[in-house]
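There are 4 protein chains.
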Amino acid sequence: MTQLHGGVVPPVCTPLTSQRDLDVPSLERLTAHLLDAGVHGLFVTGSTGEVAYLPDQLRQRALEVVAGVAAGQVPVLAGIIDTTTPRVLEHARAAKALGADALVATAPFYAPTHPSEFPGHFRAIRAAVDLPLLAYDIPASVGSKLPVEVVVELAEDGTLAGLKDSSGDLDGLRAVLERTDRAVFHCYSGSETLADLGLFLGAHGLVPGIGNLDPHGYVRLYHAATRGDWDAARAEQLRLRKLFQLIHVGDGRMGRYSSAIGAFKEGLAALGVIANPVTSEPMIPLDDTERAAVRAHLAEAGLL
Amino acid sequence: MTQLHGGVVPPVCTPLTSQRDLDVPSLERLTAHLLDAGVHGLFVTGSTGEVAYLPDQLRQRALEVVAGVAAGQVPVLAGIIDTTTPRVLEHARAAKALGADALVATAPFYAPTHPSEFPGHFRAIRAAVDLPLLAYDIPASVGSKLPVEVVVELAEDGTLAGLKDSSGDLDGLRAVLERTDRAVFHCYSGSETLADLGLFLGAHGLVPGIGNLDPHGYVRLYHAATRGDWDAARAEQLRLRKLFQLIHVGDGRMGRYSSAIGAFKEGLAALGVIANPVTSEPMIPLDDTERAAVRAHLAEAGLL
Amino acid sequence: MTQLHGGVVPPVCTPLTSQRDLDVPSLERLTAHLLDAGVHGLFVTGSTGEVAYLPDQLRQRALEVVAGVAAGQVPVLAGIIDTTTPRVLEHARAAKALGADALVATAPFYAPTHPSEFPGHFRAIRAAVDLPLLAYDIPASVGSKLPVEVVVELAEDGTLAGLKDSSGDLDGLRAVLERTDRAVFHCYSGSETLADLGLFLGAHGLVPGIGNLDPHGYVRLYHAATRGDWDAARAEQLRLRKLFQLIHVGDGRMGRYSSAIGAFKEGLAALGVIANPVTSEPMIPLDDTERAAVRAHLAEAGLL
Amino acid sequence: MTQLHGGVVPPVCTPLTSQRDLDVPSLERLTAHLLDAGVHGLFVTGSTGEVAYLPDQLRQRALEVVAGVAAGQVPVLAGIIDTTTPRVLEHARAAKALGADALVATAPFYAPTHPSEFPGHFRAIRAAVDLPLLAYDIPASVGSKLPVEVVVELAEDGTLAGLKDSSGDLDGLRAVLERTDRAVFHCYSGSETLADLGLFLGAHGLVPGIGNLDPHGYVRLYHAATRGDWDAARAEQLRLRKLFQLIHVGDGRMGRYSSAIGAFKEGLAALGVIANPVTSEPMIPLDDTERAAVRAHLAEAGLL
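Residue numbers (our numbering), protein chains in the order written: chain P, 1 to 304; chain E, 1 to 304; chain Y, 1 to 304; chain R, 1 to 304.
Don't take every hint at face value.
No copy is singled out in the list; a pair is fine if it fits within one copy or between any two copies.
[Claimed, not checked] Computed list of lysine to aspartate or glutamate pairs in EDC-like fashion (alpha-carbon distance at most 16 angstroms, straight line):
1) Lys242 <-> Glu178
2) Lys242 <-> Asp171
3) Lys96 <-> Asp36
4) Lys145 <-> Asp171
5) Lys96 <-> Asp169
6) Lys145 <-> Asp287
7) Lys96 <-> Asp130
In case anyone wonders, no lab produced these hints; they're calculated from the structure.
With these hints in hand, go ahead and build the complete structure from the sequences.
Shown next as structure tokens:
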């Protein structure tokens, strides 16, 4: 098992065939593309990986493929995203069997769950499957924020090995960092556009969706921050913020998520990394104008 | 296949063993208990049925058991609750194979989905599985409200056969009722406490969680409304509102949902319908004081 | 002082001149128009009266004019809408001096205020000014819902004489009605489109914005409900729901409120009641197409 | 008129007498206390100044007192906080007459206002009163976020001279900073706990409520950031974060705002700056235990 050590851990896109099966060769190429750029880990079946759209078998196969290519070079984190404990446990067991090095679980969703019930959820996962467990704080998807108190309590008793923070609440992230032992509890920022701030606050790593397209940029940003060169980190971040505007190509005609995932996949196809930019149902696919706009963004960023 | 015809359609609780397997004899007794009271349908694997907690096999077995006992006497509606289209389709296919008479699907959740993407979701389900499809509007769980326009559009093109409205938005329900053909499009109110208002507005039926405990009450309320005796309907509703207070027995010590589901199951155990009031993880179980409070509520309502 | 006794209490629009001063003759005609229709009270400087836009002097003059025309025939309720207690007290004192028969105050807003602080707010108003005080529950404007517990506590100790419920929460309204003494505590529904439901639940009166345009309709609805003729009440409500669609004439080009207030005033101008449909800054005025659409709605409703 | 030039601009508390009149000598001492610490401006009648509680005359007198003590040494910004344009204009005119160097206005509140109506609001203020105008983005109080597009548009056409950002949305602040001319458009962060991040992003200044108690700390933080010494800035911020915990002394017994304002005023009284820690109605006052806790926090921070 490969240990977590912070750094850049992109949430790997899930390439699909035109029939919406897993496109295995494309996923292999994407994994290699990320490893070649020097990323420090891989996060499979996260939100960017369309986890909420993937049937169980497809999720499992995606993890298997990425773990196979990674082959222990970097840790592979598996998102075990489902509504509540009993369903999450099934994903956790499958992920361990397929080679995950760590698990990433959200608070329960759909079923209204009180913060007093969150500890039981994470403890049940940790007890059932012996892998490092990260809490995934993503209120926009699950409808509730993980309170700082809960994260700290579960860090202190060893339930949680870390936090992936996609809450946008930098004050909360800072509070967790202040109150946990950074030698054993690892925090990852899920922000593409404020990644430098996360590192400034002491976060160990980054999980940027657009890192699929420009992993080198985030690796540079991370290294600049690590050596305390904040001007370089900020300059790299500003460049990446500009590139990130490509997520808006479909605005007005579809939801933000369809636009963003569509743009990531279109970009990966334009770069020759994946074969097909198809996204899951019911996302609205980009049209030709929007696809051209994605390529223009990549060209402007010097990636194409 | 048994046709939907409105009326009282309780969302059937899912009895569990102490090991949290499906308690089949208890579920058979619960189904018979509801049928004996004259309910007009059964809604399996809904929110009250702890659907978000049940692994796929448990969901399927619950549907199979209820459909077996119902044996065509009343229609069995199956909740096919999952994050997005491809995952929901798997539940839809399984439900049809196991004897569901109709399917009930929410808008996508977890993955941020724009209303412009909702029609594609429901159309894909309807196209894949030939059963009447009801939209389940439950913003508290899925984070978005089904717009009236979307429901009407999908009613008009035959995608949807009905609506289960748990939004609490009676204005929206009324607008849907005004704009759809009540001979072919059926609306069900998911409210326990304003069920009379739903019927006053013209809703075809009711899906009351506490109908597990007092199905006779809701059947009486429904029949009073059907014959236009609003005073009787309102009086029955006031009685049921009082009983419904039992959902608060755990307030302050746990979430509202844990308290409500715990109270329903405790009540069913007290009535001798199910063997064990156990609920799914990570719900906090009722303690002895809270359990006694549930029984006191039932006694006061003359049910015990 | 004229006593509150339920019934139809329209929130009176505030006619303005082209210079956005109070248009006194128009307000006098509007008041007479409402009284002629048999309304049971008048609510001045409410949300429909653009209270949030009116400088103090304009608010005071509007109250003075309406109270003058009403001349004790029906009670005049004055909205004393401001951010928190000390500012609200100033409006309360002025309103009493100008002839208000009752006061209507919201929970504090802008300053984040906890429900534990609401009782002190209403008690301070009641202690300072000896007029019946109604709580105005309008979470869409103030950002917080008045809890049922708080309303009941303040009804029981005599602080509040009633509730104007614009929360849309019929369950909460029903709970207040169940738990207060209807002989002394009066509830008004602020809904235009579910007014019949409010009366069905036992509310004493209605405060419908579009009652400015069609007071006869709401008076008919109220009388039908009072005599228990729910079919007639519902039929009238359906007609009024259709008329209410005119609030959407500006949708897409402006906010909902600008569209609604603009439509009410345009309609009053079309009916010859007020001279000028001008609304306050920064509301966007209706354009010619939208104004024509308002008149078409009135014509279809047989009002023009 | 004294020009804005960034830096530390505390939102000045408003000391009250036991009768809740303005305590002029205390406000004079508080102003001097802040000037002595080297602050770069003073923000009167902001949220921390209890603006939402202050009657017009009290607001005006507070501005007059602070402007008198400041006497042109630093710019005095006046919050002109009210529901919508016509009411805000009255505050704007009064503030100019009383010596304000700049005005700070929020988006309209209470009256539901669409973003398309925000530009008209700010343009009307700017047109009516010739003072630099800052937009105050405080969604927690007004219920809507100022969109980046709107701020940029109003910066470009000269309506706005700056932004006070209390939204907590650092991504939005960064976007505004990227798209405006920093020589003429000034951004202030309203965060006490992420002030270093705001400066890291390029914000010109800070408006920290707890700067009333420890202005030296924020001045040090600001100077460290200005010279690019991020380690020193971060260390100072960590110290101030710890001090800021005193806002929680009343948690559980009152709202967060009552607790925070109560703590600031108790602290100022403990420091001998103001005579009386009284806060406005209906805020719940701190009890003796909570007051002692505030003093313990100050002692721990070396301020007492």
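### Message
Checking each numbered hint in turn, tell me which of them this model violates, lowest number first.
### Response
3, 5 and 6
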